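All chains, please: the whole structure from these sequences, using the hints.
With the sequence shown counted from 1, adding 424 to any position gets you the numbering used here.
Just so you know, the hints here were simulated from the structure itself, not pulled from any lab data.
Don't take every hint at face value.
[Said to hold, decoys possible] Lysine to aspartate or glutamate pairs mimicking EDC-like chemistry, simulated, CA-CA at most 16 Å apart: (1) Lys677 <-> Glu657; (2) Lys648 <-> Glu672; (3) Lys735 <-> Glu722; (4) Lys554 <-> Glu522; (5) Lys641 <-> Glu722; (6) Lys641 <-> Glu732; (7) Lys502 <-> Glu579; (8) Lys648 <-> Glu625.
[Stated by the list, open to error] Have a look at the derived ranges for each label pair, beta carbon to beta carbon: (9) Asp733 <-> Thr455: 56 to 64 Å; (10) Asp442 <-> Thr500: 26 to 34 Å; (11) Glu672 <-> Arg448: 34 to 42 Å; (12) Lys537 <-> Thr500: 15 to 23 Å.
Just so we're clear, the structure is a prediction, and the values are computed from it rather than from any experiment.
Beta carbons: idealized from backbone N, C-alpha and C, even for Gly.
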Amino acid sequence: MSTGYAVEVTDLTRKFGDFVAVDRISLRVQTGQVFGFLGPNGAGKSTTIRMLCGLLLPSSGSGRVAGFDIMTESETIKRHIGYMSQKFSLYDDLSVEENIDFFSGIYNVPRAKRTQRKDWVLDMAGLADKRDNLTRSLAGGWKQRLALGCAVLHEPPILFLDEPTSGVDPLSRRQFWDLIAQMAHGGTTVFVTTHYMEEAEYCDELALISRGKMIAKGTPAELKTIIPEDILEIRVEQPFEALEQLEESALVKDVALFGDTLHAVVEDADASIVAVGDFLAGRGLVSAGITQVRPSMEDVFVSLVELEDRKSTEGTQP
425 MSTGYAVEVT
435 DLTRKFGDFV
445 AVDRISLRVQ
455 TGQVFGFLGP
465 NGAGKSTTIR
475 MLCGLLLPSS
485 GSGRVAGFDI
495 MTESETIKRH
505 IGYMSQKFSL
515 YDDLSVEENI
525 DFFSGIYNVP
535 RAKRTQRKDW
545 VLDMAGLADK
555 RDNLTRSLAG
565 GWKQRLALGC
575 AVLHEPPILF
585 LDEPTSGVDP
595 LSRRQFWDLI
605 AQMAHGGTTV
615 FVTTHYMEEA
625 EYCDELALIS
635 RGKMIAKGTP
645 AELKTIIPED
655 ILEIRVEQPF
665 EALEQLEESA
675 LVKDVALFGD
685 TLHAVVEDAD
695 ASIVAVGDFL
705 AGRGLVSAGI
715 TQVRPSMEDV
725 FVSLVELEDR
735 KSTEGTQP
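Structural data, given as structure tokens:
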């Protein structure tokens, strides 16, 4: 494994019968980095992370995690990583403290350190006054923090988080990412999968995945510069009607709701601002403003996925 990389894989592939869930993914994750694996549900993120964690053997390809071979040393990998799934992997019938004690045993935390590590988890998660509560009684955000604490009881150098913020409220999600940043600052490598586009901004580097294939990789800032089209933000009183009208026009390549505005993909922003404004006005839809904006991560992802789809369609045509 190359010096400085916590994860390094080449042509990682996983098939289930004829279905290719992960298609020749190659990537490197630097030590101490927060690395995001971004894509919609069913894209292959969880399958990839299970292979990296030693929970699922690849069909082909090669790689190393924490210096160990994913094909031949999966059991060793498990001892050198932390893993947290979207289900949180907690036991609802145990108390908060009992869950921590259980995972201390699972991860072989030295007995001399167990009290210290337990106190750290309770403090980090803010659960010191809830240590005797049954885990099932906790709100989603508290469960999430407890699961994170249990995953790092043994102080692993690499932490894998599979959709860790799924199903929790936005405030808890933000607080969770603050904890992740603290861990990375302390030297832990964090590999996280998510389908929340806004979470991409919290990562040092990202890989975008769609239908099992990695379609782009880079920092959030780099990825926002790779789509060739311009993005217009359109503010209009009747966004749904404006969306339908623009979809049927030839003025935009793509248009979608973006909060209470529309984002439209166009070839030339300056020319399109005038043309789209006239088009909407001609249909009684007066815009409150049309401006060019920097692409969001969602804009980037949608554009790249549609580009891949076009390539795929063109490749299958006679």
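Are any of the numbered hints broken by this structure? If so, which, sorted upward? 2, 3, 9
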